[in-house]
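Colleague: Below, each chain spelled out in residue letters.
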Amino acid sequence: MAAIEISGLSKTFLVKNKKPGLRGSIQSLFKPQFTRKVAVRSIDFQVDQGETVAFLGPNGAGKSTTIKMLTGILHPSEGRAEVLGFCPWKDRKHLAYHIGAVFGQKSQLWYHLPPTDTFELMSRIYELKRGEYMARRNELVRRFGLEPYMNTPVRKLSLGERMRCEIAASLLHRPRILFLDEPTIGLDVVVKQQIRQLIREMNREEGMTVFLTSHDPGDIEQLCNRAIVINHGQMILDDTVANMKREYLTYKTIELKLAEEAKDVSLHGVKVLAQHECTLRLSVNTSLTTIEKTLSDMLRRFRIRDVTIEDPPMEEIIARIYAKSAVHKQSGVLTGK
Amino acid sequence: MHGVRQRSTEGGRRGSRLAKLLKYAAVGKVTIRNHLAYVTDFFIRSIFLIIILYIFIQLWNTTFRGEGTELIAGYSFEQIIWYLIFAESFVIACPSLSTKIEEEVKSGDIGYKLARPVSYLWFHYAGYMSEVFIRMPINLAVGGMLGILVLGPPGFGWGWPGFLLVSVGAFTINFLLNMMLALCAFWVEETRGLEFVYHKFLFTVGGMLMPLELFPQVLQKVCAWLPFQAIVYFAARTAVSFDAEAMWRMLGTQAFWIAGLGAALMFIYRKGVSKLHVNGG
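For the protein sequence lines, the chains are W and R, in the order given. Read in order, the letters of the first sequence correspond to residues 1 to 337 in my numbering. Read in order, the letters of the second sequence correspond to residues 1001 to 1281 in my numbering.
Don't read these hints as lab results, they were simulated from the structure. Don't take every hint at face value.
Stated by the list, open to error - Simulated pairs of lysine-lysine, PhoX-like, Cα-Cα distance not exceeding 20 angstroms:
| # | chain 1 | residue 1 | chain 2 | residue 2 |
| --- | --- | --- | --- | --- |
| 1 | W | Lys90 | R | Lys1275 |
| 2 | W | Lys257 | W | Lys271 |
| 3 | R | Lys1275 | R | Lys1106 |
| 4 | W | Lys106 | R | Lys1113 |
| 5 | W | Lys129 | R | Lys1106 |
Said to hold, decoys possible - Simulated restraints, written as ranges between beta carbons of each label pair:
| # | chain 1 | residue 1 | chain 2 | residue 2 | range |
| --- | --- | --- | --- | --- | --- |
| 6 | W | Asp44 | R | Ser1096 | 40 to 48 angstroms |
| 7 | R | Trp1187 | W | Ala135 | 43 to 51 angstroms |
| 8 | W | Gly60 | R | Trp1248 | 58 to 66 angstroms |
| 9 | R | Trp1248 | W | Lys37 | 54 to 62 angstroms |
| 10 | W | Phe13 | R | Ala1264 | 22 to 30 angstroms |
| 11 | W | Gly60 | R | Leu1164 | 52 to 60 angstroms |
| 12 | W | His75 | R | Leu1164 | 36 to 44 angstroms |
| 13 | W | Gly24 | R | Ser1274 | 29 to 37 angstroms |
| 14 | W | Cys87 | R | Val1222 | 42 to 50 angstroms |
| 15 | W | Phe13 | R | Leu1036 | 36 to 44 angstroms |
| 16 | R | Gly1252 | W | Met134 | 43 to 51 angstroms |
Glycine included, every Cβ here is placed at the ideal spot set by N, Cα and C.
Take these sequences, add in the hints, and give me the full structure.
Modeller: Okay, structure coming up:
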């Protein structure tokens, strides 16, 4: 059964062009000029109940605009969508009982009040029965480790503590679909791991569909079994995460600070990206060799002061996906389905 | 798919009218609790109230002495001062909807409110009415102390319950008009200029500066056709010069404006929400 079904969904904005300077501002008052910006361009996909989908793309690709249309916040310019059988922008209030949403850079918690007050308000907004709400609330507080600060004003919480409260608040009413718009942005590694684990458990135990946008490869790899990539408002990939990793996340970057300048670094599957005095930047092709082997080879040859291992940035992965999709232009969306 | 649509009361939900009422009551309760964090704001407004009332007392004292009469347009000096105390207390009690909604649209926080099973307009109405019914008594207490100091204890009798009753309609109409202006943020994002102009209308033809009986006849007739009189003037006049027949006429006029403005607000909201550009990505 499809939890989300969209067809030909598009969104165009009219953006005012403001010329620089005072003269430009005055001209803009009397003769405003607008540019049509196509944020989302006729996208189609279907998400089944219980799936965990990563909705990816670089900044300005149309990810948040799509989520806003699916939650009924924005009306599309064209196309149709069905979320749990509802048209999001026509049946917004009915749909809202069955979905949860967390927007990473915004807050639903009342700033001067403790999280317990917002939870209480959510129980009334979602019309939850008292007994069931208390049981659910206690369960979420325990699982998200919120007991120590349930009565601390939100303005005094750290970002990680606040995000855990945000996600718990969005799960109080047992949503069938959870929309997460960059939920781990700005969080440290430990808190990210905790949040991912909790969402995975909710998906496994309650069959909740997860629809996530993120720039963090860790969110994608650890949370999602499917990835849809969007760029310039168009879908360019729809495949399982396993396939995507295999095809596109095939290298990692290692930055090494050595005790002495390295000469002649030649290892199988390793390319030198940059070298400056004792700092070396390597690209490791993980389909040909491993990080462990590369590091152990380097340790045998050089004294290493510091190591940094990085995943390729999402923009680079998207660039590679896009480059590949240009080759397959005639077959349209790259799909492993 | 149809199963989800039909099971609207599953998942432990009440789905009743009581549940809907409790929803907005809870919004009101949380708004009040959140607002108590702004105690400094309360104090500053109270100080402003005392200053402005003191100035008005001096102005009207001079005016009555200059006229050399006990009554001006049927109001005694004491009635005028108490009228202004009620009027100023009323207006200072009203929160700025334009600021709130402008901030929500600019920051993108409006997205959260629209993604919840709650009416955006009723949500703000519940918050607004909770705030005014906390601020209003405090303002009246502060202004009243000054009034008692200068004029002695007032004897309004039925004026008090009459004021309370008319205030509900008055604050509601004020909310509707302010909300219509504030929703312009859905199109233009900046609405405080419109709010400024609205406050000037309220100050003049709304009866905040003085009771409308003091205006020239022609202007009084114009004011009678505008909704502004149903806000400050109706409430303050009922308090200081209670007349049961006049009060029922006022309540009827308020009901008329609430129905008309309510319909207009719904229309504007529906148009605006479909055009809304929710900021932030």
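Colleague: Against this structure, judge whether each hint is valid.
Modeller: Verification of the supplied hints:
1. Restraint check for Lys90 (chain W) and Lys1275 (chain R): satisfied, since their Cα atoms lie roughly 14 angstroms apart, inside the 20 angstroms limit.
2. Of the pairs offered as hints, the one joining Lys257 (chain W) and Lys271 (chain W) holds, with about 16 angstroms between alpha carbons and a cut-off of 20 angstroms not exceeded.
3. Distance restraint check for Lys1275 (chain R) and Lys1106 (chain R): the Cα-Cα separation of roughly 14 angstroms lies within the 20 angstroms cut-off, and the hinted pair is therefore satisfied.
4. For the suggested pair Lys106 (chain W) and Lys1113 (chain R), the alpha carbons sit about 11 angstroms apart, so the restraint of at most 20 angstroms is met.
5. A distance of roughly 35 angstroms separates the Cα atoms of Lys129 (chain W) and Lys1106 (chain R); the hinted pair therefore is violated under the 20 angstroms criterion.
6. Between Asp44 (chain W) and Ser1096 (chain R) the CB atoms are about 44 angstroms apart, so this pair conforms to the stated range of 40 to 48 angstroms.
7. Trp1187 (chain R) and Ala135 (chain W) have their C-beta atoms about 44 angstroms apart, which keeps the hinted 43 to 51 angstroms range intact.
8. Between Gly60 (chain W) and Trp1248 (chain R) the C-beta distance comes to about 59 angstroms, which sits within the given range of 58 to 66 angstroms.
9. Separated by about 55 angstroms at the C-beta atoms, Trp1248 (chain R) and Lys37 (chain W) satisfy the suggested range of 54 to 62 angstroms.
10. Range check, Phe13 (chain W) to Ala1264 (chain R): about 27 angstroms between beta-carbon atoms, so the 22 to 30 angstroms window is met.
11. Taking the beta carbon of each, Gly60 (chain W) and Leu1164 (chain R) are about 53 angstroms apart, inside 52 to 60 angstroms as hinted.
12. In this structure the hint that His75 (chain W) and Leu1164 (chain R) lie 36 to 44 angstroms apart at CB holds, the actual value being about 41 angstroms.
13. As the Cβ distance of Gly24 (chain W) to Ser1274 (chain R) is approximately 31 angstroms, the hint placing it in 29 to 37 angstroms holds.
14. One distance hint, 42 to 50 angstroms for the beta-carbon pair Cys87 (chain W) and Val1222 (chain R), holds here, with the actual separation near 46 angstroms.
15. About 40 angstroms separates the C-beta atoms of Phe13 (chain W) and Leu1036 (chain R), a value consistent with the hinted range of 36 to 44 angstroms.
16. Evaluation of the 43 to 51 angstroms hint for Gly1252 (chain R) and Met134 (chain W) yields a pass: the beta carbon distance comes to about 46 angstroms.
Of the hints listed earlier, the one the structure fails to meet is number 5.
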